[in-house]
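Using the sequences and the accompanying hints, generate a full structural model.
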Amino acid sequence: MSSQLRVGVFAVFTVFAIFVVWYVLSNYALRRHAYVIGVHFRNVAGLQVGSSVQLSGVDIGIVQDIKLLPDQSVDVVATINGNHTVYRESAFTVTTTLTGQSTLAITPPRNIATATPLPHEVLPEDQQPVGTLPPSITDLATEGQKRLQELDKTLVVVNQELPMIARRFNGVVTHTDDLVLHADASLALVQGQLSATVGQVNGLLASTQGVLTESGRNVNQLTGSMRGLVVNNQERISRLIENLASTADSLNKTMASVSSLAGDPTVRTNLVQTTTNIKDSSEKLKEIANDIHSLTGDPQVQSQLRGAVQDLSSVIAKADDLLGTFSGAQAHGPTQGVTPKPQRPGSPGSASPAPEGSAGPEPQQPGQPSSGPTGSPKPDRRLNSALQSLFGHGAGRGSALAQAQLRETWNTRGGGGPASDLNLVILPRLGTHVSVGANDLGYKTTYNALLETTASPRLQYGVGILYSNVGAKTFYKFNGPLALDARLYDPKHPTLDLYGDYRLTQRLELFYGERSLIGPPTKMPAFGFQLDY
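Going by the working numbering, the sequence shown opens with residue 204, and the numbers climb by one from there.
Rather than coming from a laboratory, the hints here were simulated on the basis of the structure.
With a cut-off of at most 25 Å between alpha-carbon atoms, the simulated DSS-like pairs for lysine-lysine come out as follows:
#1 K695 to K676
#2 K695 to K647
#3 K647 to K726
#4 K726 to K676
#5 K456 to K489
#6 K726 to K695
#7 K647 to K676
Listed next, with one range per pair, are the computed distances between beta-carbon atoms:
#8 K647 to I721: 17 to 27 Å
#9 R632 to G703: 18 to 28 Å
#10 E445 to L734: 31 to 41 Å
#11 R632 to N405: 29 to 39 Å
#12 E445 to L627: 28 to 38 Å
#13 D274 to V218: 37 to 47 Å
#14 A388 to L707: 49 to 59 Å
#15 T648 to A409: 21 to 31 Å
#16 A294 to V210: 50 to 60 Å
Glycine included, every Cβ here is placed at the ideal spot set by N, Cα and C.
Here is the structure:
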């Protein structure tokens, strides 16, 4: 061997020995105080054995082994310096520098105080921390190239569809111009119709105002006439009351005398007819006394009428007792030698006089028998008939002067209690009458003032002020207890309310319908009841 060759071999061996000594000395502390951990990856992308392991950018170990598992995932075993602690909550990523060198980077958790350190051993695969591989520059470039290709395809499609889109847009512009022209014409037509409608409404308002004024004057005149009628006939009413009281007292005494004769069999049959006549007359007189008692407000007159009613009630009770006693005799017919039963007054062919003790033309003194034809004076009878026709007769018919209507309404969308409406109908029995009232008392109150007309027993309509607006109201009654109630108001925003009514009694009815069935607001179901006084 030549000297040059020996020198060359010695130089190479010396360099290799120096490298080995450097490697051993540099990793002596790592191998002496180190521990291993395992990290599971789906892809390591160029990470190699011997690559450095960095914790927060500081080298703390090296990659000792990389294993490809059967499911084609990767198990990386790293040697970590014993002076450093790796936590389970840390983030394990594979980073690549610009020169292509791969590194296992460990990012510690934010809260180290509560973090759990990794055991100093390679854990089973299902217990190892999972690492991630962030996208590299190559991946980003590849993805960007794919997106550019897709953008090129989209631009090609847009260039193909753009002429068609332009043609459609031109068509839309043309149709829009036509629509604007038609809209202008329609608005002009609507404006003309609206002006005509406003003129008609103004005329209707003027007519309604004139009708209401005339109705007010008529009501004032009628009230004055009624007041004069009552004042002018006050004397006749007083005389009629005195006659009623005297007649009731006489009937009571006559009934006592008839009761004393009840034991005589010869007059029993005639007493039956007489008692029946007295009872019928007493009931009619009691009915008249009750009617006058309900009309007058004079305490003295009411006291006299109460006394007359008590006397007449006593007469009716005594007559019932006698008729019960005579029922056996009536069943067997008249006995022999007794006067036949006379015909009842008012029957065909009957000419029998009224019962003894009835009121005559002049007041009868107590105990004085009456003679001659009996009956109330014609002027008093006509007055009584007029009063009954004007003020009403019998329970439940109400007064002919005024009638009150209380209406309670609930709606299904509103909160709180019912809405209360109160209306007063003046002279309800006239063919044309006035109705005034208020709606929603205590909350957004509106007012009514209608002139109503009864066209037939089933149809009634009215015009005027309804819900503080110009409006009209129609009421139609079907056969039976059903009826239909329609209300149209507010010329600016025409609104229609429609109800179906069901009358339970003469004073009580139930209703159900729709508020604002036609109008700007949404329709609102409503129901309730109405009381008539």
